[in-house]
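Assemble chain V onto chain H, guided by the hints.
Note that the protein sequences, when read in sequence, are chains H and V.
Residues 1 to 276 (the numbering used here) are what the first sequence spells out, left to right.
Residues 277 to 439 (the numbering used here) are what the second sequence spells out, left to right.
In short, the hints are calculated from the structure, not lab data.
Where hints are given, some of them may not hold.
To be verified - Straight-line alpha carbon distances no greater than 16 Å define the calculated EDC-like cross-link-like pairs of lysine to aspartate or glutamate that follow: (1) V:K425 - H:D40; (2) H:K268 - V:E408; (3) V:K407 - H:E263; (4) V:K407 - H:E264; (5) H:K133 - H:D182; (6) V:K403 - V:D413; (7) H:K273 - H:E263; (8) V:K404 - H:E264; (9) H:K219 - H:E189; (10) V:K410 - H:E264; (11) V:K437 - V:E384; (12) V:K410 - H:E263; (13) H:K273 - H:E243; (14) V:K387 - V:E422; (15) H:K147 - H:E189; (16) H:K147 - H:E176; (17) V:K410 - H:D29.
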Amino acid sequence: MNDRYLLYAGCLIPTRLPFLERSSRFVLDKLEIEYEPFPDATCCVEPIGLRSLGYDTWLAVTARLLSIAEEDEKSILSLCNGCFMSLKEAEHLLRDDELRSRINEVIGPTGREYHGRAMVRHFLEVVGEQGEKRIRSLVSVPQERLKLALHPGCHLVRPSEVLRAEGRYTPQRLSEIASWTDAKVVDNEDWPQCCGGGLAGVEDAISLAILNESTARFKGSGANAILTPCPFCFVQFDIRQKEGLPALYLAELLSLSFGASAEEIGLKYHRTKFSI
Amino acid sequence: MRKSLAAESADEIIQDRLAQVELWRCHQCGQCTAVCPSGRHGGIRVREVLERAATGNLDVAFDRDIWLCTMCNSCSERCQLGADPALVITLLRGSAAAKGNRPQHFLEEAKLFFSTGLSFPCTGMTKKLRKELKLPDLQMDERTLEEVKVIISRTRLGRIKYE
Chain H
1 MNDRYLLYAG CLIPTRLPFL ERSSRFVLDK LEIEYEPFPD ATCCVEPIGL
51 RSLGYDTWLA VTARLLSIAE EDEKSILSLC NGCFMSLKEA EHLLRDDELR
101 SRINEVIGPT GREYHGRAMV RHFLEVVGEQ GEKRIRSLVS VPQERLKLAL
151 HPGCHLVRPS EVLRAEGRYT PQRLSEIASW TDAKVVDNED WPQCCGGGLA
201 GVEDAISLAI LNESTARFKG SGANAILTPC PFCFVQFDIR QKEGLPALYL
251 AELLSLSFGA SAEEIGLKYH RTKFSI
Chain V
277 MRKSLAAESA DEIIQDRLAQ VELWRCHQCG QCTAVCPSGR HGGIRVREVL
327 ERAATGNLDV AFDRDIWLCT MCNSCSERCQ LGADPALVIT LLRGSAAAKG
377 NRPQHFLEEA KLFFSTGLSF PCTGMTKKLR KELKLPDLQM DERTLEEVKV
427 IISRTRLGRI KYE
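So that you can see chain H by itself, here it is in the shape it has in the complex (with noise of 0.2 Å):
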């Protein structure tokens, strides 16, 4: 396995929500994981939207992406279920010879080319796979007054014969991860439930219902905070709840259970205060 990392922080966290990347960047250090920030990156031509309009575009550009980091012989490493999931189902469909060559002849005059070679992971998998001991001997703020709502959301899990972060039914990477803090688990999907973003700015009356479905769910289970790994479920829930619950993005948690002050990590940026 290629354990040094290219950074891919995407778009939504560099823009909107640098305190994520800020957190992210913490817990990296702290597990002394090798990464630097990806070089020349551009959006993924996220999921939901933008690979819709332009599936081929997609292709491309995620092909171009995939050939920098097999150049640079680093796995890719995402912070965001979008991007991970858009990289990892576009390397995944170009593993096929034939698809690539012709994706390579659009991306020809850029002077790229994407040899089927990359790696993706997700943030969760590379800190999970850390382990309990190792997690354990780092938590210097152990977080039992959690009491977590967890949410992993759709593109950490689904397609599941491609994404493979898991590799079980019912996701249960992030609640050991919660677990190794001290914090407690309350309430685990065990169909990870969409957050409704997929539908802000285009129908906000159904994409509010979605999430309020969730919502609903999590403040009957008693929890104090939802837990969740994917900046774009953050920002439904941050942004977008009325007198909700406050969010964690698992960085965050692991954070501040590594013994990072609120301050440096940004929490105060929360729409939905943390003060728990």
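Relative to chain H, chain V alone:
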């Protein structure tokens, strides 16, 4: 205007993918609709979309249902017959967009992507927050942007009418 070879090749990729979609696999069982988060709140009726697509009764120039999908992939995950509704919807959306049927929200996103290489705007607030958090400035170099524009111009996003 004559299409470039690359444009034809890229279009073929979509055509091939469409050919791989096997709508006949759909037996109208309704599992897709049962797991759809949008459908139960008055959004897309997935089973019905597949039926209309299979029987030629879906006009992509006007269909609204296809834009009410959140792309959560639950339908494709649950479909035991391999009809892959989420892919069907993705490809139908592409055909719809080519005929001018697309939400303004996604059109704006495509414009932003074309002009900046990102799908969210880098604003003054972005700069301020990154500075406060001691993160490097977000800068797209000219060459990267040029490469993306070349790719877009040779594929479908480059042929969307942006007016």
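Status of the hints after comparison with the structure:
1. V:K425 - H:D40: holds (13 Å)
2. H:K268 - V:E408: holds (12 Å)
3. V:K407 - H:E263: At roughly 14 Å apart (the allowed maximum being 16 Å), H:E263 and V:K407 satisfy the hint.
4. V:K407 - H:E264: Answer holds: V:K407 to H:E264 is near 12 Å, not above 16 Å.
5. H:K133 - H:D182: holds (13 Å)
6. V:K403 - V:D413: holds (7 Å)
7. H:K273 - H:E263: Judged against 16 Å, a Cα distance of about 13 Å means the pair holds.
8. V:K404 - H:E264: holds (15 Å)
9. H:K219 - H:E189: holds (14 Å)
10. V:K410 - H:E264: Distance of about 9 Å is within 16 Å: holds.
11. V:K437 - V:E384: holds (11 Å)
12. V:K410 - H:E263: OK: V:K410 and H:E263 at ~12 Å, within 16 Å.
13. H:K273 - H:E243: With a Cα-Cα distance of about 10 Å, the restraint between H:K273 and H:E243 holds, given a limit of 16 Å.
14. V:K387 - V:E422: holds (15 Å)
15. H:K147 - H:E189: holds (15 Å)
16. H:K147 - H:E176: holds (14 Å)
17. V:K410 - H:D29: Between V:K410 and H:D29 the Cα gap is close to 15 Å, so the pair holds against 16 Å.
Checked against the numbered hints above, the structure breaks none of them.
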